[in-house]
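Peer 1: Chain residues, written in single-letter form:
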Amino acid sequence: MTATGADLASIARDAEGPVFREPWEAQSFAMALALYRAGLFQWDEWAAMLAEEIARAQAAGDPDTGRTYYRHWQATLERMIVERGLSDAQTIDRYRGAWTHAARRTPHGVPIELAPEDLQR
Amino acid sequence: MGDDHNHHHEHPDHSELGEMQSRVRALESILTEKGYVDRRTLDLIVDAYETKVGPRNGARIVARAWVDPEFKARLLTDATAAANSLGFPSPVGAHLIAVENTPQTHNLVVCTLCSCYPWEVLGLPPVWYKSAPYRSRAVIEPRAVLAEFGVQLPEDTRIRVWDSTAETRFLVLPTRPPGTEDWSEQRLADLVTRDSMIGTGLVRGP
Chain D
1 MTATGADLAS IARDAEGPVF REPWEAQSFA MALALYRAGL FQWDEWAAML AEEIARAQAA
61 GDPDTGRTYY RHWQATLERM IVERGLSDAQ TIDRYRGAWT HAARRTPHGV PIELAPEDLQ
121 R
Chain G
1 MGDDHNHHHE HPDHSELGEM QSRVRALESI LTEKGYVDRR TLDLIVDAYE TKVGPRNGAR
61 IVARAWVDPE FKARLLTDAT AAANSLGFPS PVGAHLIAVE NTPQTHNLVV CTLCSCYPWE
121 VLGLPPVWYK SAPYRSRAVI EPRAVLAEFG VQLPEDTRIR VWDSTAETRF LVLPTRPPGT
181 EDWSEQRLAD LVTRDSMIGT GLVRGP
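Sequence lines, in order, name chains D and G.
Quick note: the first sequence uses our numbering, first residue 1, plus one each step.
Quick note: the second sequence uses our numbering, first residue 1, plus one each step.
Please keep in mind that the hints were generated in silico from the structure rather than gathered at the bench.
Be aware that one or more of the hints could be misleading.
[What the hints assert, rightly or not] Per label pair, the in silico range of CB-to-CB distance:
1) G:178 with D:111: 39 to 45 Å
2) D:37 with G:175: 42 to 48 Å
3) D:45 with G:70: 36 to 42 Å
4) D:52 with G:206: 42 to 48 Å
5) G:179 with D:23: 55 to 61 Å
6) G:38 with D:82: 36 to 42 Å
7) D:117 with G:144: 46 to 52 Å
8) D:38 with G:148: 37 to 43 Å
9) G:158 with D:109: 21 to 27 Å
10) G:143 with D:85: 31 to 37 Å
11) G:144 with D:21: 25 to 31 Å
12) G:14 with D:61: 40 to 46 Å
13) G:14 with D:38: 16 to 22 Å
14) D:117 with G:95: 49 to 55 Å
[Said to hold, decoys possible] Among chain D residues calculated to face chain G with C-beta under 8 Å, some are:
15) 27
16) 81
17) 114
Cβ atoms here follow ideal geometry from the backbone N, Cα and C, with glycine treated the same way.
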């Protein structure tokens, strides 16, 4: 791995704590594993792409303490989905905007659901 | 906690999704609408990794190897098959390799490039395993890293560092602590910690 100032940093240890810090991390993890099991990519291809995303984030200033790991995971997943032709960047952007829109029209305490109107903007 | 902000106090009347939440939900919508994944499968995967797959699986393997020399021999020859024989699923990637600690050699596992890890027997890796300091320092100065984990080894114990890949993952078989000769397999399994199977810990005796 690229040597950085972080090399000298101490390693934050933990107990056998929760595996996912937030629900989106679990969802992102599960999607990648489901696509792998469906045969859409090989695991070595995934690991190579993930390593690239981690290196890229480090180069961009991510201290890479492990806490941003699932951000890199999600970036890898988005890239893999586009690369394998399962979707394209414009569609992913459109759905992202639709979810933001859906959240804004949803009162607090009510589950956020995507409706056709969120995509037709 | 995280980088997402669920609560924008200036807008208490409606919901907000953080950047990561909306990115993840976008992919989920696309992939389920196109039929590449379904929600039930995703829920089952999350549930398995949150509640069923974890370091207790590895601990069972270690305890069995301590009490059953034949199993131990099989584990050290072909850990994938030995783990399967105890009912653990096949790994993501190809091979699981078990490396045995002895008075002469202590084994330490790292993944320098990303975070390859034997999920099926240890669950998902701890945050520190994924951190840049651990990934780089475990290779450069393993003895100092072990000291930070509270592990002091005799000067003449060699430290062997194993760098995981997508194809090859490692499970450390720690040393059985003295004073446990008449212990049951279950009781022994309870002693085995996650860190002892990564090599950043030792199994402490009674």
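Peer 1: State for each hint whether it applies.
Peer 2: These are the hints, each one checked on the structure:
no., hint, verdict
1, G:178 with D:111: 39 to 45 Å, "55 Å, violated"
2, D:37 with G:175: 42 to 48 Å, "36 Å, violated"
3, D:45 with G:70: 36 to 42 Å, "37 Å, holds"
4, D:52 with G:206: 42 to 48 Å, "47 Å, holds"
5, G:179 with D:23: 55 to 61 Å, "43 Å, violated"
6, G:38 with D:82: 36 to 42 Å, "21 Å, violated"
7, D:117 with G:144: 46 to 52 Å, "58 Å, violated"
8, D:38 with G:148: 37 to 43 Å, "41 Å, holds"
9, G:158 with D:109: 21 to 27 Å, "59 Å, violated"
10, G:143 with D:85: 31 to 37 Å, "48 Å, violated"
11, G:144 with D:21: 25 to 31 Å, "28 Å, holds"
12, G:14 with D:61: 40 to 46 Å, "33 Å, violated"
13, G:14 with D:38: 16 to 22 Å, "36 Å, violated"
14, D:117 with G:95: 49 to 55 Å, "50 Å, holds"
15, 27, "5 Å, holds"
16, 81, "7 Å, holds"
17, 114, "6 Å, holds"
Hint check: violations occur at hints 1, 2, 5, 6, 7, 9, 10, 12, 13; the rest are consistent with the structure.
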